[in-house]
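> The chain contents come next:
There are 2 protein chains.
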Amino acid sequence: MLTNLFTPKAVAVVGASQSPDKVGHSILKNIIDLGFEGQVYPVNPKSTEILGKKCYPDISALPDGVDLVVISIPAKFVPQVIEECGKKHIGSAVVISAGFKEVGREGKDLERRLENAAIMSGVRVLGPNCVGFINTSNKLNASFAADCPEPGDIAVISQSGAMCTSIIDWSLKHHIGFSKLISIGNKADLDEEILIESLGEDKDTNVIVGYLEDIKNGPHFIRTAEKVTRNKPIILIKAGTTAAGASAASSHTGSIAGAQMAYECAFHSSGVMQAPSLEALFDYAQVFAYQPLPKSDRVAIVTNAGGLGIMATDAIENAGLQFAKPSEATVEKLKSFLSPAANVHNPFDILGDARAETYGKAVETALADDGIDSLVVLLSPQTMTEAGNAASEIVKAAKKFNKPVVASFVGARRVAEGIEVLQKNRIPHYATPERAVGAINVLVDYTKWRSAPRKVIKRFSVNSTKVDRVINLNKKRKFTNIGEQDSKSILSAYGFTVPVCHLSRSVDDAVSAASAIGYPVVMKIVSPDIVHKSDAGGVKVGLKGPSEVADAFELMMTRIKARCPDARLHGVLVQEMVMEGREIIIGMTRDPQFGPMLMFGLGGIYVEVLKDVSFQLAPITAEAALQMIVGTKTYNLLKGVRGEKSADMHLVAECIQRISQLSMDFPTIQELDINPLKVSSELSRAVAVDARVRIL
Amino acid sequence: MLTNLFTPKAVAVVGASQSPDKVGHSILKNIIDLGFEGQVYPVNPKSTEILGKKCYPDISALPDGVDLVVISIPAKFVPQVIEECGKKHIGSAVVISAGFKEVGREGKDLERRLENAAIMSGVRVLGPNCVGFINTSNKLNASFAADCPEPGDIAVISQSGAMCTSIIDWSLKHHIGFSKLISIGNKADLDEEILIESLGEDKDTNVIVGYLEDIKNGPHFIRTAEKVTRNKPIILIKAGTTAAGASAASSHTGSIAGAQMAYECAFHSSGVMQAPSLEALFDYAQVFAYQPLPKSDRVAIVTNAGGLGIMATDAIENAGLQFAKPSEATVEKLKSFLSPAANVHNPFDILGDARAETYGKAVETALADDGIDSLVVLLSPQTMTEAGNAASEIVKAAKKFNKPVVASFVGARRVAEGIEVLQKNRIPHYATPERAVGAINVLVDYTKWRSAPRKVIKRFSVNSTKVDRVINLNKKRKFTNIGEQDSKSILSAYGFTVPVCHLSRSVDDAVSAASAIGYPVVMKIVSPDIVHKSDAGGVKVGLKGPSEVADAFELMMTRIKARCPDARLHGVLVQEMVMEGREIIIGMTRDPQFGPMLMFGLGGIYVEVLKDVSFQLAPITAEAALQMIVGTKTYNLLKGVRGEKSADMHLVAECIQRISQLSMDFPTIQELDINPLKVSSELSRAVAVDARVRIL
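Residue numbers (the working numbering), protein chains in the order written: chain A, 1 to 696; chain B, 697 to 1392.
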């Protein structure tokens, strides 16, 4: 918990000003106005008093006991002030000033100086180029925002300062309260990871939401977020499509993966909920702040309008939630007080003339049913409808149970009073049934995450010494693309089955190898300079006898010499032909931000065309590896169609885990494709028929 | 135009009542209160005067000249009243009364009587079981809705009565005006098609929006909608997942297609925009009602907050819209009045301290650029921001150009005045940047539809007599699943290339056929009782010589006799083995609502696993057939990967069109699969390697 920063005993404002149109004035005024109970000291060599407070000429002149300074002076003076803070044992600073890395080269240098000053002096710095922060629990408004939000359970982090002002303005209207609102600016020192960790420990915060444009340190972020989300939900908008990966990818995996995908994987693996829009961000935040988590995913609907019920039903189906089936007791109970035309099965349609009392009884009956985990209450303002009273009855009924209830009163003026009642009583209200169901959906997602077992990464016993040797040999020869044979040696050392093979350098050699292996065989050219062997005519399959092998050898050597005169040819690989099995791909590409991204999907030559693949970050658990498989259409193929025997999914998941381990053990491996990995259901084995590895 | 209904000279209310809690009272009061200028006659045998109007005992007693009666009496009396209307030459009726098909068997019979009464009497009937309608242009509120919307350009049709009241309530707050609001109820007579046609001709209506749960007559609806959307946009919510197709499908196409897909195809082929939610329905309606259509899809953004700009940029990318590139002149112009820190490239960031005037100038500069087709204006309420004035300046600038402008002022209280100014001046405002971009996106979609050439269905010269003969022969034998050979005859008659083949009944016959065709050959069992031949062991491929053919024949006959003792075996088909080409599927399944749905996609044995397919309704144009291809990943496969030659897309599109023609010509054909259709780029031909047809 950043105690100095968020709950200081005394605050100084460097650059405080008497002129009301200066930011330094607004900040001082905001601190005083909200009623911060500690001391507040303006700092400005040109004044003796500002807003009734004694003004100090500089940091050194301040009384002791200041924990936080808020700085709003020209950028170039900021690093020095931070150093002075250090000398004065002031623990934290907020740098409002702009003019750092956002303004180009010179600003970048200045920001580096600021960063160094922070590190050397031990002062924790928020910003620069930020709006500041607001802590509603100790009434500290250390920002120049024009308004201040109501107190509440939600903490907001924003990488955009302007977004903070939009968010505050919007929150005031909808009675959404915040524990803290933090503008993180350029993140020279304090970044999203440290702040999220701190908010994770903050007793005033139950939900953390954020708007981020980038993440400073991928693996750190994941580790922290994963820890925090076990206790508190984190909901983020990740805005901005990041620039495409630096170097052109040579693997299938590398060419399909992207920065956007890496962020998705990172959020997924750390339990962070991603919001698709600003609206969704607060749709989700409210339900987490105000409602309990559901036991499971069975949703029911109470409505006074059939149409609204149908729209919510569609949304439940589209989200993949379960449509709750009421018990017989519930049906009977509903029948006892609803008119015969009402629908006593989910969606419960209590009809257009339903009064407030009927709403209350229907909601209570639904929530009492053990087969219903959460409830969406819909209302259309018809002639007999009493939206305000209905809301009160819904609130009363909902309070008797520990199950999530959300509402959508569709309309405006005639439902305004009802919406007000709901919001004041912490029943989240949404403008449409679809958004109400969307909120339940993230609750269910988060519940699943929370109740999932802790991550256990299985370590397989492998021969890493061998891999070391193979990689070093290739490095010595300056090969970054490791050839097929060496790639397979690496895989074999990590427990993969590879086809029997022999590198032959002459026709006779090839023929005798083939008969030792057994026909039919596959032959492949071996050259460090040829990545796509088939394209170069360097692959022949299904060779059935000595003469075919001899012909293939000669043809290959002459043809490739002619096509690629500069390629170094090491010979021809004679290989067992793996007949049986379905072709999948397992791959890895190293994301510059988040590290190894694993890929699973449909293999073969059309990987990049059909793109039936899924991604996860390494290291991966057995459960997550299985999830990767289930998340593709290839899963159905592996399960078998029309009575085919299913492949062993645990075997495939294990292959993914082994690649995960290999990627973590050898950071030099940049990309890796096993394509195809032939998975046989009959033999319950997976053979790495072809593979490629790229190292640094 | 339903003149009698919407613009009657005189209206009677049957079931008018003196008691204020009766619906018949509300209707009469609504008509009088809104100020309908024609005569209004209450009808009720028990009263002599209601709400100051002379009351008539029954229809026959009414003065002449009544065009419309609104009926709110017990359901069982309604059919008779309709008959009386007919006798009195009253052209139209609105049946508010409930108690028809929505209440089960008896009600269904009553509704049929009502329907017959309407047909026999010539009275056009809206309802039953509806809220009525409101026509704002002649101030006729023939409904029992508690409120009345403002006049405007948007017509609303709703199959849910409750939805009408929600919509009115909501519209009043957001200053959205309606030309007509029509509750269509059970659609006994007037349905969505007739109403849409009528609204298409309505000079007061510029946009038609609707909430539908089903469509009464698929092909009629498509024809009408297609005509109307050439002039006016139609935006619909289709709620409710319809029950799955009646009979279990025997084709791949049939098992992948569904009712939901059929609706999507129907909307797509008739230019109807589908709204994913109630919110989207009116998001879209506003932009169509208030803004011109863009020339093309190049979108620019003006913002005072970087974060909002990034979110809009993400949305533009996700929607597949073009991000406009400003001309040099625009960049120079912007530089001339913006501060140096501003971003003069799209998104135009005019910075947090931008005043109203700056907004006006930036919007005007952007709209003056020929390379910018539409504009999204974003605003975050920062300290210096003047939301109201900024809105006025934006409005002023936007009026100088004929380009769509939409806005999102993100916040609440501090932007309220600005939003009010925008809405009153018909600049659509959205709560988030994402929704603003979503509105531009549907404008672009509709523009594309409007500017697309009129549908021309090409007719190919075919041999339909032959198809007739084949089908009749099969019908005579009571075969609903037409065998492979006959299926291919049908295809061949419609211009498809099929492999050379011969039906052999003995080993010798098979061997001599094979040598005539040329090795390798394929052999397939022929039986009307075996649909999935490979599963039954009835297919052998790549047979290379007489002995292999002889073995296959004997093995197949014995094996299948053992496995399927009841199957009638007609022999074994010996067939040319089509070596070259990529495997696609073209299929058709007949939707009970919308007729033949064509499918295109990745062929082979895993069609249903990989499901890389697209659908359209027949009859199909060449352009739409090409679109079907482009809409799949299989397209990339046909284009060729890694330097492969591309397949002839027009050839594939022609195959789809030929299946379209066949489906239209022979309504008895229920399902059809060509799988695989082998498309060879080298030979520029497509061969129907296997096919199956199911008839009624």
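For the record, the hints were derived by calculation from the structure and aren't laboratory data. Accuracy of the hints is not assured; some may be wrong.
[Unchecked claim] Stretches of chain A that chain B covers, calculated by requiring three or more beta carbons in the stretch to come under 8 angstroms of a beta carbon on chain B: (1) 1 to 13; (2) 136 to 150; (3) 372 to 384; (4) 594 to 600; (5) 606 to 615.
[Claimed, not checked] Just so you have them, the derived chain A footprint on chain B, three or more residues with Cβ under 8 angstroms: (6) 726 to 740; (7) 813 to 823; (8) 850 to 859.
For each residue, glycine too, the CB sits at the ideal point set by N, CA and C.
> Please write out, lowest number first, the hints stated earlier that are contradicted by the structure.
Violated: hints 1, 4, 6 and 7.
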